[in-house]
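Given the coordinates of chain C, assemble chain B onto it according to the supplied hints.
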Amino acid sequence: MFGMGARGPGMGATGVADAEGYDATYTNPAGLVAPTRRRLTLGYVHAGYRLNLDGMHRPVDVTDGLVLGADIPVPFGGVLRDRIALGLGFYFPFGVVNRARSPFPDQPRLALLDTRTQVVSVLVAAGVRIHRRVDVGVGVLALAALVGTITIADIGGRITTVAEEQLTTSLTPILGARVRALGWLRLGAVFRGESKSIYNIEVTNTLGARLPLTLPTLRLAGTAQYDPMQAAVEGSFVPLSWLTVDVGVTWKHWSAFGLPTENATLGAPPQPAPGFVDTAVPRIGAEASKRWAQVTLQGRTGYFFEPTGARGPVLLDADRHVLTFGAGMTWANRLTTLQVDAFVQWHHLQSTPRVGGDFAALGATIGLDL
Amino acid sequence: MGGAATAASEDSSANYYNPAGLVHGRDLRIDIGYRYAQPILRMNGRDVGVDASRGFQIGIVAPGSIGPFRFAFGASLWLPDQRLTRVRSLPFDQPRFVLFDNRTQRLYMAANIAIQIVPGLYVGGGLTFMSRTAGQLFLKGDVAVSDPDASSLVSRIDVDLVAVRYPQLGVLWEPTPWLSIGVTYRHSFVLSLDQQFRIDGNIGNPGLPPVVESGYFAARSQSLDLFQPWQLTAGGALKLKRTILLTFDLTFARWSEFPIPASNLTLGLDIGAYNDRVMLPGARSYAESGFHDIVIPRAGVEWRAWERPKMAVDVRGGYSYEPTPVPEQIGESSFADSDKHSFSVGAGLELSRITSILPKPLAIDVHAAVTYLPERASHKVDPLDHTGDFVADGVVVQIGLMMRSRF
Numbered sequence: 001m002f003g004m005g006a007r008g009p010g011m012g013a014t015g016v017a018d019a020e021g022y023d024a025t026y027t028n029p030a031g032l033v034a035p036t037r038r039r040l041t042l043g044y045v046h047a048g049y050r051l052n053l054d055g056m057h058r059p060v061d062v063t064d065g066l067v068l069g070a071d072i073p074v075p076f077g078g079v080l081r082d083r084i085a086l087g088l089g090f091y092f093p094f095g096v097v098n099r100a101r102s103p104f105p106d107q108p109r110l111a112l113l114d115t116r117t118q119v120v121s122v123l124v125a126a127g128v129r130i131h132r133r134v135d136v137g138v139g140v141l142a143l144a145a146l147v148g149t150i151t152i153a154d155i156g157g158r159i160t161t162v163a164e165e166q167l168t169t170s171l172t173p174i175l176g177a178r179v180r181a182l183g184w185l186r187l188g189a190v191f192r193g194e195s196k197s198i199y200n201i202e203v204t205n206t207l208g209a210r211l212p213l214t215l216p217t218l219r220l221a222g223t224a225q226y227d228p229m230q231a232a233v234e235g236s237f238v239p240l241s242w243l244t245v246d247v248g249v250t251w252k253h254w255s256a257f258g259l260p261t262e263n264a265t266l267g268a269p270p271q272p273a274p275g276f277v278d279t280a281v282p283r284i285g286a287e288a289s290k291r292w293a294q295v296t297l298q299g300r301t302g303y304f305f306e307p308t309g310a311r312g313p314v315l316l317d318a319d320r321h322v323l324t325f326g327a328g329m330t331w332a333n334r335l336t337t338l339q340v341d342a343f344v345q346w347h348h349l350q351s352t353p354r355v356g357g358d359f360a361a362l363g364a365t366i367g368l369d370l
Numbered sequence: 001m002g003g004a005a006t007a008a009s010e011d012s013s014a015n016y017y018n019p020a021g022l023v024h025g026r027d028l029r030i031d032i033g034y035r036y037a038q039p040i041l042r043m044n045g046r047d048v049g050v051d052a053s054r055g056f057q058i059g060i061v062a063p064g065s066i067g068p069f070r071f072a073f074g075a076s077l078w079l080p081d082q083r084l085t086r087v088r089s090l091p092f093d094q095p096r097f098v099l100f101d102n103r104t105q106r107l108y109m110a111a112n113i114a115i116q117i118v119p120g121l122y123v124g125g126g127l128t129f130m131s132r133t134a135g136q137l138f139l140k141g142d143v144a145v146s147d148p149d150a151s152s153l154v155s156r157i158d159v160d161l162v163a164v165r166y167p168q169l170g171v172l173w174e175p176t177p178w179l180s181i182g183v184t185y186r187h188s189f190v191l192s193l194d195q196q197f198r199i200d201g202n203i204g205n206p207g208l209p210p211v212v213e214s215g216y217f218a219a220r221s222q223s224l225d226l227f228q229p230w231q232l233t234a235g236g237a238l239k240l241k242r243t244i245l246l247t248f249d250l251t252f253a254r255w256s257e258f259p260i261p262a263s264n265l266t267l268g269l270d271i272g273a274y275n276d277r278v279m280l281p282g283a284r285s286y287a288e289s290g291f292h293d294i295v296i297p298r299a300g301v302e303w304r305a306w307e308r309p310k311m312a313v314d315v316r317g318g319y320s321y322e323p324t325p326v327p328e329q330i331g332e333s334s335f336a337d338s339d340k341h342s343f344s345v346g347a348g349l350e351l352s353r354i355t356s357i358l359p360k361p362l363a364i365d366v367h368a369a370v371t372y373l374p375e376r377a378s379h380k381v382d383p384l385d386h387t388g389d390f391v392a393d394g395v396v397v398q399i400g401l402m403m404r405s406r407f
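Heads up: the protein sequence lines correspond to chains C and B, in order.
1 is the number of the first residue of the first sequence in our numbering; add one for each residue after it.
1 is the number of the first residue of the second sequence in our numbering; add one for each residue after it.
Isolated chain C, as found in the complex (with noise of 0.2 Å):
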């Protein structure tokens, strides 16, 4: 929800054409073979919420998370020399792997705020130069899927449960192109397939002789966490040596999310339609970097608005204006490289008679070449 890394974040999201490294394993993996130095970064996200739903404070649960960033060069030789790169980003919610959380169907929720950042995020990619102007990328984004039977038995006389459940792999694939095509210019695209974590339990009894009454076959599904399938377009522009503005658009196929929580029961009465509706993003970010012998300085800002994909009379969210702001360090000495960055980003909610309320993001990260 955040982005991938410290420096984009503060640009307002923006990172299609330029972001490098393993920050570019989210945003565009082709930006991953321009750097020709392998890196190690680490780093901490945090978010707070102050949101409310229908006049009420609405609680959602504080983000606290490590970033864990490697940019790998693979140094072929020959005709692959400084052409290929891997990039590899975590991200790790403390205390998590996955929150599974619906309420019921009828209780109103904030559809894309709830939990959508407890979970852990992977991201392996691979950048490719084809040609000197030229770079494009390919990388998966992994969730997990939780999938399991409940069986209450009464086995020999004894009550027990026979339990399985196993997480399995959801695969995402991002697609990435980037072309300098001037020197002021640089355009990137990149395409995110949908990206979804469900889970399906089933419970079973077969306590019937020790029950006056038989209890159906549940079934509780739904989708735990979910990412629309995307396709962003932007453009890296630098008038002048020492800025850098960023202007893009993310288009968000909202529109394919089905229901959150599906019924346990066949025969309960079927849930209304969810209410989800495509979304396009713009967004803007500029970055200005001003050097002194071995240490480098950025500044960063930025802004998006987000209109919501939300728009049932269950499942809510507002439209969300957001101001970025970041900084940046890099220090370049005889022994090594160090790369400091850290963002704040200011989430409004465009209050609407049912949802309001603000959050706010901060990130840092440090990344050292090995």
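Just so you know, the hints here were simulated from the structure itself, not pulled from any lab data.
C-beta: ideal position from N, C-alpha, C; glycine also.
Please note that a few of the clues may not be correct.
Stated by the list, open to error - Derived coverage of chain C by chain B (criterion: at least 3 residues anywhere in the stretch with Cβ under 8 Å from a Cβ of chain B; other residues may be distant):
#1 14 to 27
#2 41 to 49
#3 99 to 109
#4 162 to 174
#5 214 to 220
#6 273 to 283
Said to hold, decoys possible - Listed next, with one range per pair, are the computed distances between beta-carbon atoms:
#7 B/Glu328 / C/Ile366: 51 to 57 Å
#8 B/Pro68 / C/Trp251: 47 to 53 Å
#9 B/Tyr286 / C/Val344: 52 to 58 Å
#10 C/Phe94 / B/Asn205: 55 to 61 Å
#11 C/His348 / B/Ser356: 53 to 59 Å
#12 B/Phe252 / C/Met56: 53 to 59 Å
#13 B/Pro309 / C/Val344: 20 to 26 Å
#14 B/Val164 / C/His57: 31 to 37 Å
#15 B/Pro259 / C/Gln107: 19 to 25 Å
#16 C/Phe94 / B/Gly388: 47 to 53 Å
#17 C/Pro173 / B/Trp230: 35 to 41 Å
#18 C/Thr217 / B/Ser285: 26 to 32 Å
#19 B/Asp293 / C/Ser289: 58 to 64 Å
Unchecked claim - Not everything, but these chain B residues come out facing chain C in the computed CB check (under 10 Å):
#20 Ala62
#21 Phe69
#22 Asp147
#23 Val162
#24 Phe407
Chain B in isolation, oriented as in the chain C frame:
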């Protein structure tokens, strides 16, 4: 090499065997491979159908330095190609091969950092990541008596896959060019399954007044599935000649902490006037599992059998003996196991400077291993025990292929 690699691993396998080995080499390493293991485990002569374990092994070692200070980052992934992790709880008295049944059905993901203290002395450590499940499932609506499938229930779910991390630490010391000594500690972990569910609603038939209003049925199941004991391994690697490497490992595994693998079920019910017709049992207790600690010796040998400027062939072999930590099963439980004798062979082809694209060696390794479990009998005290006396034995056959690239 019989798994004896605590003092002799510097590729991505060091993420498991000894993280200190990650910083031993100076090359970027990327390894990828596939492994398949098929257990054929029998009780009273019948194959009990323990699932095969198969999947991809992927690892990376990225060394670096700041002046004379050397360090390395490593990550390793065992990715089963059927599922990431399976958590399973079975009735306490159900016969099973307790150390095989579900133990291999899990993802292994480890990340480590290693540093060089002084030349020849390295330390490393990191975390391995797992998850366990804890959650609550709530339902509300109407339960149909005559036709349960006509019940109208909707659900609320609150399930967390909770992160479980356990540390591993290692030290590697090279007192001479021909001798390495390593020590590794891996911490224990327990994966449990804690699930509650509750149905609140009316009981009756659709379209008719309910027989019971606002009743409930609740159950909570707490069970244990995967357990790994903490382990301390000391190993040595001896380079007899330039072409022969001998390795030895000795592992202490704290199996006596193995908790009882039984599910604990708590039930609650309120169906109004019908409560008197229901007798729900209370929680029950189980005997201690009685597992004991074990010491596992391992030995391996690697011989560079053939060497040319651009190509070399290594041949490997190994053996390990793992005594069973499971006591004889004389009571209610029927945990099958036996001592394990593992024999392994392998070969590696190392290609150097085969093309300008790959200036450093590329190795392709294959291995095969057989673990033999001799017959072991358990005699039950209770002649009416519904499993009865049983004999357990079997073999586990394993093959694997790995490509190791250096840059």
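Hint check results:
no. : hint                            : in the structure
1   : 14 to 27                        : violated (count 0)
2   : 41 to 49                        : violated (count 0)
3   : 99 to 109                       : holds (count 9)
4   : 162 to 174                      : holds (count 8)
5   : 214 to 220                      : holds (count 6)
6   : 273 to 283                      : violated (count 0)
7   : B/Glu328 / C/Ile366: 51 to 57 Å : 55 Å, holds
8   : B/Pro68 / C/Trp251: 47 to 53 Å  : 52 Å, holds
9   : B/Tyr286 / C/Val344: 52 to 58 Å : 53 Å, holds
10  : C/Phe94 / B/Asn205: 55 to 61 Å  : 49 Å, violated
11  : C/His348 / B/Ser356: 53 to 59 Å : 56 Å, holds
12  : B/Phe252 / C/Met56: 53 to 59 Å  : 56 Å, holds
13  : B/Pro309 / C/Val344: 20 to 26 Å : 58 Å, violated
14  : B/Val164 / C/His57: 31 to 37 Å  : 32 Å, holds
15  : B/Pro259 / C/Gln107: 19 to 25 Å : 38 Å, violated
16  : C/Phe94 / B/Gly388: 47 to 53 Å  : 49 Å, holds
17  : C/Pro173 / B/Trp230: 35 to 41 Å : 40 Å, holds
18  : C/Thr217 / B/Ser285: 26 to 32 Å : 31 Å, holds
19  : B/Asp293 / C/Ser289: 58 to 64 Å : 60 Å, holds
20  : Ala62                           : 6 Å, holds
21  : Phe69                           : 9 Å, holds
22  : Asp147                          : 8 Å, holds
23  : Val162                          : 6 Å, holds
24  : Phe407                          : 4 Å, holds
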